[in-house]
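Chain A is fixed; fit chain B onto it per the hints.
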Amino acid sequence: MDARITLRVDGRVRPLALDTRTTLLDALRDHLSVTSPKKGCDHGQCGACTVLLDGRRVVSCLILAVTCDGAEVTTAQGLAQEGEPHPVQRAFLEKDAFQCGFCTPGQVCSAVGMLEEVKAGHPSEVTDDLTGPVTLDDEEIRERLSGNLCRCGAYVNIVAALREEAES
Amino acid sequence: MIPFEYLRAGDPAEAVAAVAGRPGAAFLGGGTNLVDHMKLGVAGPDLLVDVSRLPLDRVEETAGGLRIGAAVRNSDLAAHPLVRERYPVLARALLSGASGQLRNVATTAGNLLQRTRCPYFQDVTTPCNKRVPGSGCSAAGGYTRYHAILGASEHCVATHPSDMAVAMVALDAVVAVLGPGGARTLPLAELYRLPGDAPQRDTVLEHGDLIIAVELPHLPFARRSAYRKVRDRASFSFALVSVAAALDLDGGLVRDVRLALGGVAHKPWRATRAEAELRGGPATEDAFRRAAEAELAAARPLPGNAFKVAMTRNAVVATLRALAEEGR
Chain A
1 MDARITLRVD
11 GRVRPLALDT
21 RTTLLDALRD
31 HLSVTSPKKG
41 CDHGQCGACT
51 VLLDGRRVVS
61 CLILAVTCDG
71 AEVTTAQGLA
81 QEGEPHPVQR
91 AFLEKDAFQC
101 GFCTPGQVCS
111 AVGMLEEVKA
121 GHPSEVTDDL
131 TGPVTLDDEE
141 IRERLSGNLC
151 RCGAYVNIVA
161 ALREEAES
Chain B
1001 MIPFEYLRAG
1011 DPAEAVAAVA
1021 GRPGAAFLGG
1031 GTNLVDHMKL
1041 GVAGPDLLVD
1051 VSRLPLDRVE
1061 ETAGGLRIGA
1071 AVRNSDLAAH
1081 PLVRERYPVL
1091 ARALLSGASG
1101 QLRNVATTAG
1111 NLLQRTRCPY
1121 FQDVTTPCNK
1131 RVPGSGCSAA
1141 GGYTRYHAIL
1151 GASEHCVATH
1161 PSDMAVAMVA
1171 LDAVVAVLGP
1181 GGARTLPLAE
1191 LYRLPGDAPQ
1201 RDTVLEHGDL
1211 IIAVELPHLP
1221 FARRSAYRKV
1231 RDRASFSFAL
1241 VSVAAALDLD
1251 GGLVRDVRLA
1261 LGGVAHKPWR
1271 ATRAEAELRG
1281 GPATEDAFRR
1291 AAEAELAAAR
1301 PLPGNAFKVA
1311 MTRNAVVATL
1321 RALAEEGR
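So the protein sequences, as listed, match chains A and B. Quick note on the working numbering: the first sequence kicks off at 1 and runs consecutively. Quick note on the working numbering: the second sequence kicks off at 1001 and runs consecutively.
If you're looking for bench data, these hints aren't it; they were derived computationally from the structure. Treat the hints with care, since some could be wrong.
Under the rule of at most 20 Å between Cα atoms (straight-line distance), these lysine to any residue pairs were calculated in the SDA-like manner [what the hints assert, rightly or not]: (1) A:K39 with B:D1036; (2) B:K1039 with A:M1; (3) B:K1039 with A:T20; (4) A:K119 with A:F102.
In isolation and in its complexed conformation, chain A is listed as follows:
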């Protein structure tokens, strides 16, 4: 069954005709050649496909593209502005927060979404006071990014990159 939708991807309007079975991840990668979101597990468990959908971090492998008509999608490659890396991307570079790089676009999008959640005052499971302000310490960073796996094990430097970003 075919459907016609329009997405705004990394600032560009992209009309699409696709099978209703197509996930947002496959629409981005296979229909639009936007390949920064990666297909890891394809079951919502690894976070490699994380993008920002209308500003919120989501796993694009479990979302049907047909449900996203009119939505704004930002991928890791769309975070850079005029060739300048996003501050989170810069922090990943400076702290050597990756090895093979496969999970990195998802890590970066997840981190950008997570920082917005912190800015909005949203608690996490490890926040002591549910109604108080949030201090983004290492425990908070680890908990909030638990939806992104890194099989190279670059976690220590990912936490370092975000600690720096949280302090700035």
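For chain B alone, kept in the frame of chain A given last:
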């Protein structure tokens, strides 16, 4: 994945009519469970009726309580100021489930209706009475670490995976349903069923029934409530066992209590025996232990999960002890 038609419903009545009129149709909320099941071959709807954008995405204050729209995202519900203030057990339960990305998509009703993570249910190459009635239960004699110790049957030993629902059952939540025959409400605890000889049915809902809201009653002492989750890794993992509790103290006595258990049964398990044991008694560790043991007297663990009986008892004691200390 088999081909399917897609319909974005304009209002709840249209959604109900569209699903009720077609045996192979299904509602689509956030899709974090259903889309996965379609990929795995566990589910194969021929029509998806998208209810995620219906105007059911608000949390409204009622007489002392809250009415939570079915399409409210798990992350938004956990972050809602009134949930954090009045029902910390619910905020904590939500935050302990899944990952940040999934909570941003998963809906309230979808969370309630998510299906078991029994590995045999999710693997279409193995027999499973829940997926294919009458085909047998592969968990019996198989891997049962995450399976039930209470209320199971020879046909199914699966557990309900939700954290949020455990908190809501403890809070006496009520579910508002719109069906082909009209609107009705029922206690959340009565939405779920035990497997018996029909484990393919998780709930009492009929085809075409749409959950439109969850109502939380006024419960002032829920301000002192907690959710404790025991699992194999510290985050992004389903519960081995979990405890949702609210405690109302009168000096050293338990004036009132709400207690529910997760990861132990086919449904979120309201610990009514333990509650009865606790009410009016001393708020001491011994009393908490006796109450937990009273609830667990009916436990029938499997070879792979006998540890969960002691784990549940200890989790109940630890949760109530922490709440009692918080009150002193």
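Hints and how they fare:
Straight-line distance between C-alpha atoms of A:K39 and B:D1036 comes to about 14 Å, which keeps the hinted pair within the 20 Å bound. Between the alpha carbons of B:K1039 and A:M1 the distance comes to roughly 16 Å, so the proposed pair stays at or under 20 Å and holds. Of the pairs offered as hints, the one joining B:K1039 and A:T20 holds, with about 13 Å between alpha carbons and a cut-off of 20 Å not exceeded. Restraint check: the Cα-Cα separation between A:K119 and A:F102 comes to about 27 Å, which exceeds 20 Å; the hinted pair is violated.
Violated hint: 4 only; the structure is consistent with all others.
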